[in-house]
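Protein sequence lines correspond, in order, to chains A and B.
FYI, the numbering for the first sequence is 1 to 466, going by the numbering used here.
FYI, the numbering for the second sequence is 467 to 685, going by the numbering used here.
In short, the hints are calculated from the structure, not lab data.
Each residue gets a CB set at the ideal place from its N, CA and C atoms; glycine is no exception.
Hints may contain errors.
As the list claims (entries may be wrong) - Part of the chain A face toward chain B, derived, beta carbon under 7 Å:
hint: 1; residue: A15
hint: 2; residue: A39
hint: 3; residue: L81
hint: 4; residue: W82
hint: 5; residue: R438
hint: 6; residue: P441
Said to hold, decoys possible - Which bits of chain B does chain A cover? Going by a derived footprint, with three or more residues having C-beta under 8 Å, they are:
hint: 7; region: 492 to 501
hint: 8; region: 509 to 517
hint: 9; region: 538 to 547
hint: 10; region: 554 to 564
What the hints assert, rightly or not - List of simulated lysine-lysine pairs, DSS-like, C-alpha gap at most 30 Å:
hint: 11; chain 1: A; residue 1: K7; chain 2: B; residue 2: K545
hint: 12; chain 1: B; residue 1: K664; chain 2: B; residue 2: K641
hint: 13; chain 1: A; residue 1: K34; chain 2: A; residue 2: K7
hint: 14; chain 1: B; residue 1: K664; chain 2: A; residue 2: K381
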Amino acid sequence: MNRARDKRDMERLIAALGSTDSDEPTETRWELEKRRLLARVCAEEATARRWQALGQPPIRWVLGVAGLCGAAATVALVVVLWVSRLGTPTPLVLSGIYSAVADDAVMSGALVTVEAQRQAVLRLPDGTSITALGPTALHLDAGQSATVHLNEGRILAEVAPHPVPSRFAIITPLGEIAVHGTVFTVDAGSQRLAVRLYEGKVELIAEEQRLMLAPGQRAEAGPKGLIGLSKTSGLEQLADAVSFGRRDLGVFAIHAESPESETTMDSALSAPGSQALELAKQALGQKAYPETLELLSGIDRSAAAAYLRGRAHEALGQHREAAAAYTEIGELSPERESESRYLSANAWYDAGEPARAAALASLAAVSDSAVAPSALLLAIKAWYRAERWDEASAACDQYLTKYPTGSSVEAVLFRLAEAAGYGGEAERSREALELYLRTYPQGEHAPQAQELLGIERSISERRPGP
Amino acid sequence: MARDYSTVTKVIQHRTLAGRNGPVSDAELVARVCAGDSEALGELFLRHAPMVRRLLTRIIGPRDDLDDVVQDVFLQVHKSIGGFRGEARFTTWLHQLTVYAGYNYLRRPRGRYVLVEPADLERVGDPRSVGEPERLMGQETLRRLYIVLDRIKPKKRIAFILYAVEGMSVAEVAKVVGASVPTVKSRIWFARRELLKKARLDPYLASLLEELGCDESST
C-alpha cells in the first residue's frame, strides 16, 4: 500500500518537474543574448591582451597591490590603537579583600577589574560589600559610593540599609537595579542581565520598565527591556552558594528541596579546602544529582560552580548559556575536559546546533574517559541530524571499530548504511545493509534494510536505456 | 593562450574533402571557434542555447539569473574548446559543461525564485480552492518543489533530474556526471526518497498529493 502510494506520489512530482519548460525566450531575445555573449567574449579577450601587453603575470600585480593595501591598513590600525590608549586610565586589578576609603582610587571612580577564576570582595565605607567573580569590570560613580556601574560580570551585593533618597543602585548596560538594603546577585552580560534576590527588596529598571523583586525571585532583562520574573530555581541558588561561598544562599534551596541535607551543605560551605568540596559533593548527591558525584571528583570549587550554573541554565531551557558554563569546567579543570566537551555538546544539540554539538562530541570521543562511547554516539546522532553524511558515516565506522561489542552496534550499523547512502557511497551502504541483515535478521531495522536493498537493486531494471 | 590546432585542421580537411553543402555542422563551427571566429560561437549559441537553457531550468529551477548561467556555459565552451578533441559529439560535451555549470551554481549561495510574485501568491491561497488560475497553481507547485530540491545535495539532485525528468538512462547519467553506475543508482534512489519525504512535509505539496490521491481513488 505504502509502495503504491510512494510510486503514485513520485510520478506526480516528476510530472510537475517535467512541466518546468515555460517562458521560453523568443528568437529576438536569443539574438540579443548572442550579442551579449559575444560582447563578453570580446571583453575577456581584451582583458587577456592587456595583461599580456603589460608583460607581467597578472597575479604578481594583484599580490603586490594587495600587499601594499595590507601594510597600509596595519599601520593605520596601530596608530588608531595607540591614540585610543592615550586617554584610557590603567584599570585597578583586584583580588582578595579590598576596603575602600574616601577619596581613594576606587571611590574616585577608577575602573575595577577582577580577572577570570579570581574573586574579590570590595568593602565600601558605608558597610556595603560587593563580592565579584572574575571576569568582572565595574566602577563607582566618582564621589558617590551609592552607585556601581557593572559593565560585565557576576557580583553578590550585600547592601547596608540606605536612607531614601540617597539609595544604592547598580547600573548595567541593560538596566538599573535600585536597592533598599538587601542581599542579591547580578549576572550582567551584553545580551542578558539576571538578578536573583535573597533578602530585602530590589527594583529592576530596564528600558523605562520597572519590576519589584521579592526574596526567592529572579528577574531577567535583555537588549529590548525586561524579559520576566520567576521563582529562583534551587540549582541557581546552589550555583550562587557555591560560587560566592555563601552557605546562606544555598541553604534556602536545599532546605526547600531536601530539608535533611541542610546540615551537610552548611558544613560543606564553611569548611576549608578539599574537605569543603567533598562535603559539597555529599550534599549535591543527596539532592538527586548522582552524576555530579562522578563529575565533581577531583575538580575545584569554581569548576563545580560552573557545572551547577550549567544545570541551572538547562533547567531554564537556556541551552546556549548551559553550553558556555560546561565549557568553563574544562578550562578550570583540564583533566575533566572530555566530560566538559560532552556536556557542552549535549547542550548545543538541545540548542539546535547539531554540527557544533557533533564537532565537540567527536573531540570528547577521542579520549579514554568514561564518557567517550556516549560522546561518539552523540556525534553520530548530531552529524546525522546536521545532514553531514560523510562525517556521520566516519563516526559510525569509528564506533564499530572501537566498540565492536557495544550496546548500540545494531543501531549504528543501520545508521552507517543510511548515512553512506545519503552521502552517495552506494557500495559502502550496500555492504553495511548486507552485514546488518546477516547479523541481525530479526533486528529492529531489518524490514527497512530489506526495503532499502531491494529498491536500490531495482532502480536500473525499471527504466531501459535509449 | 596557445592552442593545439591539429585536431581542428583534420576536421576542416575532412569537411572540405567531403564537400558537404547545406547547413554547417557542429564540428565545422567548433573548428572555426578554435580558429578565433567568434561569429561561429554565436552560431553554436543560437543552435544549442535553447537545449542548454531547458536542461539548466530543470537542474537549478526557474531562477531569475538563468540566462546568465546559460552565458557562463558558452563562455566556458569558448575557453575550453581547445581541449575538445572531437572524440564525442559536441552535444555530449555541451551536456557535461551544462551539468557542471548547474552543479557549480547549486553549490553557491542560492539565487531567488521568480515564478510567482507575492501578490499572485496571495491570490493562489489554498491549493484546493476553486476558480483560481491553474497556471499560478502549477507555478506555485514548481516553486515549492524546487525549494524542496534545494535541500537535497547537488550531486544527488542532478542525478535524479537527469534520470527521472530528462529521461536519461543510468549509464548516460553516469557518463555525463563522471561517476560509476552504482554510485549514480544510489544517488537517484536516495534523492527520490528524500524528495518524497520532504515534499510530504510541505503542507501545500502534501495537500496537493493527498487531493490527487483522493481524486484517483474516487474515480
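Does the alpha-carbon distance linking K664 of chain B and K381 of chain A stay inside the 30 Å limit? holds, 20 Å
Does P441 of chain A pass the interface hint, meaning its C-beta sits closer than 7 Å to a C-beta of chain B? violated, 23 Å
At a Cβ distance under 8 Å, does chain A reach at least three residues of the region 554 to 564 of chain B? violated (count 0)
Per the CB criterion, is L81 of chain A less than 7 Å away from chain B? violated, 34 Å
Given the hint that K34 of chain A pairs with K7 of chain A, test it: the Cα-Cα distance must not exceed 30 Å. Measuring from Cα to Cα gives roughly 42 Å; hence the hint is violated.
Double-check W82 of chain A for me: the hint is only fine if its C-beta lies closer than 7 Å to a C-beta in chain B. It is violated, given that the least Cβ distance between W82 of chain A and chain B is near 39 Å, above 7 Å.
What's the verdict on K664 of chain B and K641 of chain B, does the C-alpha distance respect the 30 Å limit or exceed it? Satisfied, since the Cα-Cα distance of roughly 28 Å is no more than 30 Å.
For the region 509 to 517 of chain B, count the residues whose Cβ lies under 8 Å from any Cβ of chain A; is that count three or more? holds (count 4)
8 Å C-beta criterion, at least three residues: is the region 538 to 547 of chain B covered by chain A: holds (count 3)
Would you settle whether the hint for A15 of chain A is holds or violated, based on the nearest Cβ-Cβ distance to chain B being less than 7 Å? Status violated, d = 9 Å.
Under 7 Å is the threshold here; is the Cβ of A39 of chain A close enough to any Cβ of chain B for the hint to stand? violated, 10 Å
If you count the residues of the region 492 to 501 of chain B with a beta-carbon closer than 8 Å to a beta-carbon of chain A, do you get 3 or more? Violated - the region 492 to 501 of chain B has 0 residues with a Cβ nearer than 8 Å to chain A, which falls short of three.
In this structure, the earlier hints numbered 1, 2, 3, 4, 5, 6, 7, 10, 11, 13 are contradicted, and the remaining ones agree with it.
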